[in-house]
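Colleague: Start from the sequences, fold in the hints, and give me the full structure.
2 protein chains.
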Amino acid sequence: MKVKEVADLVGISVRTLHHYDEIGLLTSEETTESGYRIYSESDLETLQQILFFKELGFPLKKIKEIISSPSFDRAEALELHRKSLLEKRSKLDNMIRTIDKTIQHSKGEIEMSNKEKFEGFDFSSNPYEQEARDRWGDKAVDESNAKINSLSRNEKKAWEDEFNSIYKELAEIRHEAPDSEVAQEGIKEWYDFLNRMGNYSLDAFKGLGQMYVDDERFTKNIDQFGKGLAVFMRDAMAVYADKNK
Amino acid sequence: MKVKEVADLVGISVRTLHHYDEIGLLTSEETTESGYRIYSESDLETLQQILFFKELGFPLKKIKEIISSPSFDRAEALELHRKSLLEKRSKLDNMIRTIDKTIQHSKGEIEMSNKEKFEGFDFSSNPYEQEARDRWGDKAVDESNAKINSLSRNEKKAWEDEFNSIYKELAEIRHEAPDSEVAQEGIKEWYDFLNRMGNYSLDAFKGLGQMYVDDERFTKNIDQFGKGLAVFMRDAMAVYADKNK
DNA sequence: CATTGACTCTAACGTTACGTTATACTTTAT
DNA sequence: ATAAAGTATAACGTAACGTTAGAGTCAATG
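If you read the protein sequences in the order shown, they are chains X and V. Position 211 (the first sequence) corresponds to 211 in my numbering; numbering is contiguous. Position 61 (the second sequence) corresponds to 1061 in my numbering; numbering is contiguous.
Any given hint could turn out to be false.
To be verified - With the C-beta cut set under 8 angstroms, the calculated list includes, among others, these residues of chain V facing chain X:
| id | residue |
| --- | --- |
| 1 | Q1048 |
| 2 | G1057 |
| 3 | R1089 |
| 4 | M1095 |
If you are wondering where the hints come from, they were derived from the structure by calculation, not from laboratory data. Just so it is clear, CB atoms sit at the ideal spot from N, CA and C, and this is done for glycine as well.
Modeller: See the structure below:
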């Protein structure tokens, strides 16, 4: 097969094939006397492998190593690569959250209704405090309240922004499986956030999640970020709590 | 302030400042007669803005536009950028998912090949080979044996000895509870042994245990060490896998 | 006061994975 | 035979600096 045929077949450009030839990643088995590259079936298979690793985001150099050395430990390479991808992902998450905070903040010059947003954990100013005290004990609730009340306006604003950012993100991934990595990373943000304010045990966290669904006042507020978010959060929070015990 | 002072202050390199100068992103307000760049307070503020957008993953070109034109709609730029980050993230998620699948898949293959090794070992070195030949035909047995035989004699011998020793021990304690300390210590030997030859995850280990009961070929051979050993091992392996997660 | 060490400058190649011309030749179709 | 389509090599461009390399500058020390 000639370049264009191969290129069209696998959906890449002729230039790409030329490039792979240049860097020695994939040299056609045959060449006509006039210099045309002729690819064999075997070449095609190699190309498929190359494209596979390329889709995973491997650099061509690594792909070359992997392909050209059958003894290369692919499993290890995959594990390593996975880690680097996860790092990239968390960097991206940070960027997105920072953007969200910034957007929130600039919008926030107009003070939004604090109470709505804080209902999720502001037991100091809502009628559910007794329930919270019953459920998690006086100590946890008092601690949480003390912290919230000691915040300055700016601090409160910052919390709000972060709160919104987290919920926005969770709303975006609410159709993923609750035990997926994405979901668990998202819910971890929420857990960490809560624990920056008060002291939530994993059980308390799980219980809180359950309340999101049991108590329609919570459900309503939470689902404003996206329908079904409360249920998703309950499930993801339960998985998180069980997994991290 | 001179380059290095600024660079150290904000945590970037001198080269970066030079670069920003080159591309006209940030030119120092002043310059000494000898050509040294002297940055003003105002320059520093601009730099902070630049770094802020940079952290969000904006390309320098866009940052230049944003910075140099006060009329530029920052909010819109942020929203747009947010979208592109979300896309990148979902691409990353896809890559990660694909890697996970691949890893799972290859683990499965390792499991299978170990199974083959196991069979080969059993059938090539014990008196029941004839039975195996009768049941699955000469070809299958020979192929299986060939794989085992590619090991060096010493390797094979050591392997057999250890294998036998472990199974003998397990057979002796097979009437203990699968979650007892004795049983768990015994089964740990087996897990460690397997991981010296292949690569068994805890899940794979658990799955292998299940196979000991599901697949009568395994059951039969294992129970030659003692009736009920296969079932005992399956249970002990499951407990071990769950406990050590 | 000259030397030295720390600092600064410009210039230019290297990096990644091709896209994009530009120029010239080969093969295929009409 | 001639045009159209395909192929080849060569080389610049991209993003954001890192990394030498060679040369000049500034402040402190002997």
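Colleague: For every hint, state whether the structure bears it out.
Modeller: Okay, the hints, checked on the actual structure:
The beta carbon of Q1048/V comes no nearer than 14 angstroms to any beta carbon in chain X, farther than 8 angstroms, and the hint placing it at the interface is violated. Hint status for G1057/V: holds, given a least beta-carbon distance of 5 angstroms to chain X, under 8 angstroms. A cut of 8 angstroms between beta carbons decides the hint on R1089/V: the least distance to chain X is about 5 angstroms, and the hint holds. Look at M1095/V: its Cβ gets to within about 5 angstroms of chain X, closer than 8 angstroms, so that hint holds up.
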